[in-house]
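Note that the protein sequences, when read in sequence, are chains A, B and C.
The first sequence lines up with residues 1 to 262 when you count with UniProt numbering.
The second sequence lines up with residues 1 to 633 when you count with UniProt numbering.
The third sequence lines up with residues 1 to 250 when you count with UniProt numbering.
Don't take every hint at face value.
[As the list claims (entries may be wrong)] Taking beta-carbon pairs under 10 Å as the criterion, some of the chain A residues facing chain C (in silico):
{"id": "1", "residue": "Val46"}
{"id": "2", "residue": "Ser114"}
{"id": "3", "residue": "Asn147"}
{"id": "4", "residue": "Ser225"}
{"id": "5", "residue": "Ala229"}
{"id": "6", "residue": "His231"}
Everything labelled a hint here was simulated from the structure, so no lab data went into it.
Beta carbons: idealized from backbone N, C-alpha and C, even for Gly.
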Amino acid sequence: MTQTTPEAPVRRQRAQVKVRTLRTDRWWLVPFVTFLGLSSFLVYGVWAIIDTSIFVEPYIAPFASPCLAAVTCPEGARVFGWAPIGDWYTLSPGLLILALPGGFRLTCYYYRKSYYRSFWLSPPACAVQEPHGKYTGERRFPLIMQNIHRYFFYAAIVIGLVLAYDAVLAVVHKPDGLGSWILIANAVLINAYTASCHSCRHITAGRLNHFSRHPLRYRAWTFVSKLNAKHQQLAWASMFSVMGADLYVRLVAKGIIAFPFA
Amino acid sequence: MENTHNTERHEYDVVVIGAGGAGLRAAIEARQQGKRTAIICKSLFGKAHTVMAEGGAAAAMGNVNSADNWMVHFRDTMRGGKFLNNWRMAELHAKEAPDRVWELEAWGALFDRTKDGKISQRNFGGHEYPRLAHVGDRTGLELIRTLQQRVVALQQEDYETHGDYEAYIKVFSECTITRLLKDGDAISGAFGYWRESGNFVLFDAPAVVLATGGIGKSYVVTSNSWEYTGDGHALALLAGAKLINMEFIQFHPTGMVWPPSVRGILVTESVRGDGGVLRNSEGRRFMFDYIPEVFKAQYATTEEEADRWYTDQANNRRPPELLPRDEVARAINAEVKAGRGSPQGGVFLDVSTRLPAEEIKRRLPSMHHQFKELADVDITAEPMQVGPTCHYVMGGVEVDADTGAAAVPGLFAAGEVSGGMHGSNRLGGNSLSDLLVFGRRAGAGASAYVDRIPARPKVLAEQVDAAREEALAPLGRSGDNPYEVHHELQRTMNDLVGIIRKAEEVSEALQVVEKLKERVAMVGAAGSPIYNPGWHLAIDLRNMVLVSECVARAALLREESRGGHTRDDFPAMDPTWRRKLLVCSLGPGDGVRVEEQPQPQMRDDLLALFDGDELKKYLTDEEMAEFDGIAKS
Amino acid sequence: MSYKAKFKVWRGEGGEGRLEDFTVEVNEGEVVLDIIHRLQATQAPDLAVRWNCKAGKCGSCSMEINGKPRLGCMTRMSTFDEDETITVTPMRTFPVIKDLVTDVSYNYQKAREVPSFTPPAGVRPGEYRMKQVDVERSQEFRKCIECFMCNNVCHVIRDHEENKTNFSGPRFLMRIAELDMHPLDVADRQDAAQEQHGLGYCNITKCCTEVCPEHIKITDNALIPMKERVVDAKYDPLVWLGNKIFRRGK
Numbered sequence: 001m002t003q004t005t006p007e008a009p010v011r012r013q014r015a016q017v018k019v020r021t022l023r024t025d026r027w028w029l030v031p032f033v034t035f036l037g038l039s040s041f042l043v044y045g046v047w048a049i050i051d052t053s054i055f056v057e058p059y060i061a062p063f064a065s066p067c068l069a070a071v072t073c074p075e076g077a078r079v080f081g082w083a084p085i086g087d088w089y090t091l092s093p094g095l096l097i098l099a100l101p102g103g104f105r106l107t108c109y110y111y112r113k114s115y116y117r118s119f120w121l122s123p124p125a126c127a128v129q130e131p132h133g134k135y136t137g138e139r140r141f142p143l144i145m146q147n148i149h150r151y152f153f154y155a156a157i158v159i160g161l162v163l164a165y166d167a168v169l170a171v172v173h174k175p176d177g178l179g180s181w182i183l184i185a186n187a188v189l190i191n192a193y194t195a196s197c198h199s200c201r202h203i204t205a206g207r208l209n210h211f212s213r214h215p216l217r218y219r220a221w222t223f224v225s226k227l228n229a230k231h232q233q234l235a236w237a238s239m240f241s242v243m244g245a246d247l248y249v250r251l252v253a254k255g256i257i258a259f260p261f262a
Numbered sequence: 001m002e003n004t005h006n007t008e009r010h011e012y013d014v015v016v017i018g019a020g021g022a023g024l025r026a027a028i029e030a031r032q033q034g035k036r037t038a039i040i041c042k043s044l045f046g047k048a049h050t051v052m053a054e055g056g057a058a059a060a061m062g063n064v065n066s067a068d069n070w071m072v073h074f075r076d077t078m079r080g081g082k083f084l085n086n087w088r089m090a091e092l093h094a095k096e097a098p099d100r101v102w103e104l105e106a107w108g109a110l111f112d113r114t115k116d117g118k119i120s121q122r123n124f125g126g127h128e129y130p131r132l133a134h135v136g137d138r139t140g141l142e143l144i145r146t147l148q149q150r151v152v153a154l155q156q157e158d159y160e161t162h163g164d165y166e167a168y169i170k171v172f173s174e175c176t177i178t179r180l181l182k183d184g185d186a187i188s189g190a191f192g193y194w195r196e197s198g199n200f201v202l203f204d205a206p207a208v209v210l211a212t213g214g215i216g217k218s219y220v221v222t223s224n225s226w227e228y229t230g231d232g233h234a235l236a237l238l239a240g241a242k243l244i245n246m247e248f249i250q251f252h253p254t255g256m257v258w259p260p261s262v263r264g265i266l267v268t269e270s271v272r273g274d275g276g277v278l279r280n281s282e283g284r285r286f287m288f289d290y291i292p293e294v295f296k297a298q299y300a301t302t303e304e305e306a307d308r309w310y311t312d313q314a315n316n317r318r319p320p321e322l323l324p325r326d327e328v329a330r331a332i333n334a335e336v337k338a339g340r341g342s343p344q345g346g347v348f349l350d351v352s353t354r355l356p357a358e359e360i361k362r363r364l365p366s367m368h369h370q371f372k373e374l375a376d377v378d379i380t381a382e383p384m385q386v387g388p389t390c391h392y393v394m395g396g397v398e399v400d401a402d403t404g405a406a407a408v409p410g411l412f413a414a415g416e417v418s419g420g421m422h423g424s425n426r427l428g429g430n431s432l433s434d435l436l437v438f439g440r441r442a443g444a445g446a447s448a449y450v451d452r453i454p455a456r457p458k459v460l461a462e463q464v465d466a467a468r469e470e471a472l473a474p475l476g477r478s479g480d481n482p483y484e485v486h487h488e489l490q491r492t493m494n495d496l497v498g499i500i501r502k503a504e505e506v507s508e509a510l511q512v513v514e515k516l517k518e519r520v521a522m523v524g525a526a527g528s529p530i531y532n533p534g535w536h537l538a539i540d541l542r543n544m545v546l547v548s549e550c551v552a553r554a555a556l557l558r559e560e561s562r563g564g565h566t567r568d569d570f571p572a573m574d575p576t577w578r579r580k581l582l583v584c585s586l587g588p589g590d591g592v593r594v595e596e597q598p599q600p601q602m603r604d605d606l607l608a609l610f611d612g613d614e615l616k617k618y619l620t621d622e623e624m625a626e627f628d629g630i631a632k633s
Numbered sequence: 001m002s003y004k005a006k007f008k009v010w011r012g013e014g015g016e017g018r019l020e021d022f023t024v025e026v027n028e029g030e031v032v033l034d035i036i037h038r039l040q041a042t043q044a045p046d047l048a049v050r051w052n053c054k055a056g057k058c059g060s061c062s063m064e065i066n067g068k069p070r071l072g073c074m075t076r077m078s079t080f081d082e083d084e085t086i087t088v089t090p091m092r093t094f095p096v097i098k099d100l101v102t103d104v105s106y107n108y109q110k111a112r113e114v115p116s117f118t119p120p121a122g123v124r125p126g127e128y129r130m131k132q133v134d135v136e137r138s139q140e141f142r143k144c145i146e147c148f149m150c151n152n153v154c155h156v157i158r159d160h161e162e163n164k165t166n167f168s169g170p171r172f173l174m175r176i177a178e179l180d181m182h183p184l185d186v187a188d189r190q191d192a193a194q195e196q197h198g199l200g201y202c203n204i205t206k207c208c209t210e211v212c213p214e215h216i217k218i219t220d221n222a223l224i225p226m227k228e229r230v231v232d233a234k235y236d237p238l239v240w241l242g243n244k245i246f247r248r249g250k
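Pulled out of the complex, with its shape left as it was, chain A reads as follows (with noise of 0.2 Å):
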């Protein structure tokens, strides 16, 4: 008699469980180490911010680049040598572009998933209660603003260039650094993780109903759902490497590394 009869005989309730989950798994595990890596990231983007050691020839701290700040940046940074950033601003050129690829981290749909999941504890795990009275989603202020992922998107691809360019360049220079060959690595996993964005699939040809009728969009909606798959990985991935590719660089002009091949 579900569905169709209102005149239920007693009230209703749900089966009182008191406990706020019956798993018995290690249900902790995955969001507790989640925001550790998160966190990590976190810590390391600020330290990025505040060091300055961002440039050794021929290569650039991913962190930094495009670096656009006339004073702070050394003309070898700079793409093109452009810094349309005039002599008024002295602080870290980092701060000048990190919102970009930082909102599109922080928009992402799988960052998104994670990070409610470990920070929030929004729900900490399927089949586990969270701690909060009221819930709201993403409909009203300032979560509702999560819905710009795809400007941060656009922006992500001249960031993603960007990277791929200073990369070919430190090769060019210098074919047998490490360093070359850590930025190009990078590369391909930033472009690759961007590449696989849900905003990216929905552009392609997520939004068309007749794929039939647009074969090459369908090819490379075809293509950015493989890659999209795999977004979780990509996203854990990228953000080491650019944090690992970023922190060598930085090494590598404080001094601390010094190999030959570095």
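Starting from the structure of chain A, add chains B and C where the hints point.
Then chains B and C, alone, in the frame of chain A:
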């Protein structure tokens, strides 16, 4: 009638019992004809057994092979049923199936497509051309969901015009009907209970459409769910209608045999349609040894020819794995009996060596899933083990082909619960189309009946009281455990009235059933009436025993082997028996009576669709003489 | 091959109830639903459980096994240790009727609120032409067996009963996506998805996908694409500006 005790009462024009394909299609039709319609189902809305149908819906649309048309489909159906079919039903079915399938598309169904965007059709046992509209191997789910969503669409229309979703069509789910009510000769309503609360419910309605499906739960090894307790068959009998062809039960050749808990669950015929082959423990493709004389012309005799058929169907005969289901089931049974079976008592069905793994996953996703999850077997890497399982009852309520009307005024039946359409054996894929074609016809027939009658029959209080007492009885008793009685019935039917039958075994079964009848009258169910499965089973047992008795009595009388009825002591098909139907009815008292009734003669123009050589295998000499007369004229 | 397993099964009516202990025989190859049936047949004849096909095709036997939403018929006993106590409870998000049976009417109400397939005018049955690539996305969603475990696990309503009014759950947001991606559906569904069915409540934490017994990628293939379509319709400033300037969309 005053509303006695806590029995709620509803008034409708048409009450449809069963919410599978046939029930929903009937209800949609009745509502579209402006009738206030109730749909009653034992499970939740959308869970009916139709979801288990995998292969597809047979309809001669000619999308894949344009040579296909209704006449070819009609011939295949009659051939499959060994000419025992109600020819009028087979004719209507073949003619109307395409429209019924197309209509589903307009209601939102998404079938697999051909290159030019039409509905794709696949090959299936017994069908001459690719004919089954399908969605992967989950066609039944698509069908039920589409009909379910069509019902919702109609409710939304009613909400727009009347402000009430349920103004014209309402689903009563988890509700079981235990008795049909009559005023004089005619149906006046139905009585039942809510599974959830145990409260009783009374439907006051001049027309009842039975669409309750089959009887498989009377057998141990079955592909059918718990709902298949023969409710509609029994309700019809108890209301004075007749059942025909009850001796014909289809054992699907390929059910899972392991693990024990899923024994009987279906392995779709598409596995064979898409290239899967049957092998015994010696690795031999044994089906080549079992091609019966009547099918010799249509089936390949060498493995080479059979294998060529998958890619070139025009120039090769089809593999014997695709013989009608009864033939394949008997062959497997024989192999196992001869000691050439698989370790767990079946034979091997192998698709892993025949198709690349990716292709298997694409074409048979739910089979891959089913074996992976239930048996931990990867069908892309190793063969499946399969054996026959009780699948479908060809017999059922005797109905008028055009309207689905049973002998009792106001009673209609459609789908598996009705009899005649499939003769002695149903072709795969003909079930889903049967549901749609005759579901619609029964809904229309019931609507026309409601329009025709001068006054609504009355519900009589004493019938309601008797029905309530009957239903309550097991709760008050502390008799046998219903589960034990059920199990004994299942074992008896499985062992003694199974695929291969003998007179003495069937007689023995009848004696057991007789005893079980007494025990059923004494079973008790502990606990309250609120969602009490023991009580529900106790009530269903009445139906199962009644139907089992029909099956056994008819099986004892028919002294020949045909389709879903194989007699070890009469192994041949006998043309004189083709002219006789066995009709089951309730005698005075509680006894089941089975009598012979002549099979109506096929219309000349339909008979002329066959050639003489083929008919010779089925018809008597006397009939053949007549046929020669028709052929000449 | 058989052993005795320890079970805790939630028993009770209308919310009141407790976990009851059972010790029950388990044989090789059995699933949790088999054990529930054995309890019915031997120890608790009135133990209520919904089930039908026993093959993972009908979606009736949804329950929570060791706290996780699962189909009883698709959870093999071999996935547990023999000395493990297995806890079986009804779905938590829906009111309980008795034992493992819940009142899932919420789902049927929500189903009724999604406007049905709207075919194009003038196309008669039999004249529908659709390409396989165009129907595949919606076909994936139509694999849904309506076990309602996605709606059960979704924290939006699992942890917040009050959101039930404004949120249709993954199952029916996916139904909207199915129709929105249908090559021949002509209805406009994006606004309703956001405003009436509460797509904005979804924070894509993917539990619906995790529990889906049909392995439908609900979040990646239905909910997120639907969110992106809603962005097209409602939140894309370029689209908005374009509409203002070129007066499209009216």
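Closest C-beta approach of A:His231 to chain C relative to 10 Å, hint status: Where the cut-off is 10 Å and the nearest Cβ of chain C is about 8 Å from A:His231, the hint holds.
Closest C-beta approach of A:Ala229 to chain C relative to 10 Å, hint status: Cβ of A:Ala229 sits 7 Å from chain C, so the hint holds.
Cut-off 10 Å, beta-carbon criterion: hint that A:Val46 touches chain C: violated, 26 Å
Proposed interface contact between A:Ser225 and chain C, which counts if any beta carbon pair is under 10 Å: holds, 9 Å
Status of the hint placing A:Ser114 at chain C (closest C-beta pair under 10 Å): holds, 9 Å
A:Asn147 as chain C interface residue, shortest Cβ-Cβ below 10 Å: holds, 4 Å
In summary, the one numbered hint that this structure violates is 1.
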